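K.L.:
All chains should be modelled from the sequences, with the hints used to inform the complete structure.
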Amino acid sequence: MNNSEWPLWEVFIRSKQGLDHKHVGSLHAADAAMAVQNARDVYTRRLEGVSIWVVESKHIHASNPDEAAEFFDPAADKVYRHPTFYDVPDSIKHM
Amino acid sequence: MAATQSEIPTAPAAAPAANPLFPLVLQLADTSLILAHRLSEWCGHGPVLEQDLALANIALDLLGEARSYYQYAAELEGQGRTEDDLAYLRSAVEYRNPLLVEQPNGDFAHTIVRQFLFDNFHYHLLKELQSGPDARLAAIAEKSVKEAAYHLKWSSEWLIRLGDGTPESRQHLDKAIATLWRFAGELTTPTALETNLQELGLLPEYAALLPAMQAHAAHVLAEATVPLPAAPFAQQGGKSGRHSEHLGYLLAELQYLQRTYPGLTW
Amino acid sequence: METLAPTPEEQFQARIDADIRIEPKDWMPEAYRKTLIRQISQHAHSELVGMLPEGNWITRAPSLKRKSILLAKVQDEAGHGLYLYSAAETLGTSREQMLADLHSGKAKYSSIFNYPTLSWADMGCVGWLVDGAAILNQVPLCRTSYGPYARAMVRVCKEESFHQRQGFEIMQTLCEGAPAQKEMAQEALNRWWWPTLMMFGPKDSESPNTEQSMKWRIKRFTNDELRQKFVDMMVPQAEFLGLTVPDEKVKWNEERQAYDFGEVNWEEFWAVVKGNGLCNHERLQARVQAHEEGAWVREAALAHAGKRKARETVAA
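Chains as they are written, first to last, in the working numbering: chain D, 1 to 95; chain S, 1001 to 1266; chain C, 2001 to 2316.
Among these hints, one or two may not hold up.
Just the calculated beta-carbon pair ranges, DEER-fashion [said to hold, decoys possible]:
hint: 1; chain 1: C; residue 1: E2176; chain 2: D; residue 2: V55; range: 50 to 60 Å
hint: 2; chain 1: C; residue 1: G2092; chain 2: D; residue 2: V36; range: 50 to 60 Å
hint: 3; chain 1: C; residue 1: P2006; chain 2: S; residue 2: A1149; range: 53 to 63 Å
hint: 4; chain 1: S; residue 1: S1131; chain 2: C; residue 2: E2176; range: 44 to 54 Å
hint: 5; chain 1: C; residue 1: G2105; chain 2: S; residue 2: A1135; range: 55 to 65 Å
hint: 6; chain 1: D; residue 1: N64; chain 2: C; residue 2: L2004; range: 23 to 33 Å
hint: 7; chain 1: C; residue 1: Q2289; chain 2: S; residue 2: H1246; range: 16 to 26 Å
hint: 8; chain 1: S; residue 1: S1091; chain 2: C; residue 2: E2023; range: 57 to 67 Å
hint: 9; chain 1: D; residue 1: D87; chain 2: C; residue 2: G2092; range: 46 to 56 Å
hint: 10; chain 1: D; residue 1: D87; chain 2: C; residue 2: D2026; range: 33 to 43 Å
Just a few of them, taken from the derived set where beta-carbon distance is under 10 Å, the chain S residues facing chain C [to be verified]:
hint: 11; residue: L1053
hint: 12; residue: R1161
hint: 13; residue: L1197
Since the hints were derived computationally from the structure, they do not count as laboratory data.
All figures in this text were calculated on a predicted structure; none of them were measured in a lab.
Positions of the beta carbon are idealized from the N, C-alpha and C atoms, including for glycine.
P.N.:
Okay, here's the thing in structure tokens:
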């Protein structure tokens, strides 16, 4: 196998002003400038975006699925963080 | 554009067939169509999937631009011909595209050099046309100039990559430059028709485009570490209907169905 | 007997049964990973090779409008191939490896693309029938168990929806046109009907992987179910066009509320799968050639990126 394969990049697109960039997929490119252009050519052919981020896939650090329980379950019992936890009399408005 | 408003014909509808814009708009249409056709030949055969998509995007932009011109040309002519009549039922000697755009794709370096030479002219021409006196042409140019700016960026960057890439890519690029640079001169050498339109103020003076074009080419070639090619003998003829042999084959393919089954709707 | 803790396999199957998507870094059985890589890359290869039979009509499209549509459609297929290769890459393979497998003949792609496109009506049939069949396969995959595959398929299906319509519109225009055009349409249907039925794969009784794939929810209907659905969908459409499906056995079955239809020529099916279709050789050759002739281009871009980075480092 030859080694001419371009690095893999993750693509994030803002679909319109005011929204977050969202992960849409990945592609190959030789450098960052090309990655942005390839993303434009591949992922915005139908007016899907107004802004593009790319990051080389190897630079993404992810949480470990095996640790999902210790990472995320502790948030489950903190119901008091949510507004619905609190009873407010019906007569009180604007809260 | 160096036109004085008083020189501009204001009522083209009065004498449609005589409108001097008609042959110009047709020439612009032919040019974009033929290049789009060439680029579309890459579809499915590009060097990498991402660039297959990029090439098709450029072809689609040019095809869209060509259709706008053909539709306008058909209206200017006022003889009831459609965009498809103009594209599919004219012979090679009637086509008015410059020689450069009909040249075969060759390898990727040939395609890039052809594209770069065209984009560098096309972008600078559209930039002027969008503020020209003819509202319809200006509107088409205003839409297309954004596309052309992207095309120029794309072909410039690829020219740099191939020039300053590997010894092998440099060899391919040098060969492509040797083959295609001689077709660049025709783009900016006005024909009698173009000179006439320039005098009428309907077309920018090509001499006025040259400084910006040359500056961009010099910058890109320097980045590519490629010495500025000595100005070769500039081949001329396409814009007057005297084409290379390649156009006949291209049109035979392009027009095959319309010619085989005349007058049908597809 | 003491209750045993569930094995990773059991936990995995429980998640699938609960319709919880599997994501790239999650634990998965090796067979699931392998099956997915095979299925997704095969699908990606089909998009890539599928560009060729339609691509060769882009330069001959009969109007500027049709030319734009066809070019955009074939370009979409490049995009779909790209989305799918990306999805497969999350499973630990590389595009380079998948392409090497395609080029060596180890990996398969849809046999339908080994049939030649001989007339403009073939562009209609490929869009109407072939894409129609593909959509039946693909829509259920939007809910497939592997997250990146499902997401890629959502994007594919969204873009694919215009493909079938443009194919049908080509057929309709031909059928409402001159007699020569209608003939062209019927002739194309005659050639494409049976190969399209073959796209759903061998009969369920001869499709050993189906059961496991259904269990893993990387396949959601059997081959025969989809084939029946397709016939039921297409026969009325052909009638609407005034075309005749080339199968004398096609007949509405009141009891089954479905169309009966004849037996696919399985000998031909296996021959094409094994590489003996008219175009197997040239399709693969075209892909290999594009890849090999593109090697110096890809290398140049990498080399240039490297040089630029080195210069920036020196400058910094």
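K.L.:
For each hint, tell me whether it holds in the structure or not.
P.N.:
Tested hints:
1. C:E2176 x D:V55: 50 to 60 Å: Since the Cβ atoms of C:E2176 and D:V55 sit about 52 Å apart, the hinted range of 50 to 60 Å holds.
2. C:G2092 x D:V36: 50 to 60 Å: This hint is violated: roughly 26 Å between Cβ atoms.
3. C:P2006 x S:A1149: 53 to 63 Å: 59 Å, holds
4. S:S1131 x C:E2176: 44 to 54 Å: 45 Å, holds
5. C:G2105 x S:A1135: 55 to 65 Å: Holds, since C:G2105 and S:A1135 (Cβ atoms, about 58 Å apart) stay within the stated range.
6. D:N64 x C:L2004: 23 to 33 Å: 25 Å, holds
7. C:Q2289 x S:H1246: 16 to 26 Å: 21 Å, holds
8. S:S1091 x C:E2023: 57 to 67 Å: 60 Å, holds
9. D:D87 x C:G2092: 46 to 56 Å: 51 Å, holds
10. D:D87 x C:D2026: 33 to 43 Å: Hint holds: Cβ distance 40 Å, inside 33 to 43 Å.
11. L1053: This hint holds: S:L1053 lies near chain C, its Cβ roughly 5 Å from the closest one there, short of 10 Å.
12. R1161: 4 Å, holds
13. L1197: 25 Å, violated
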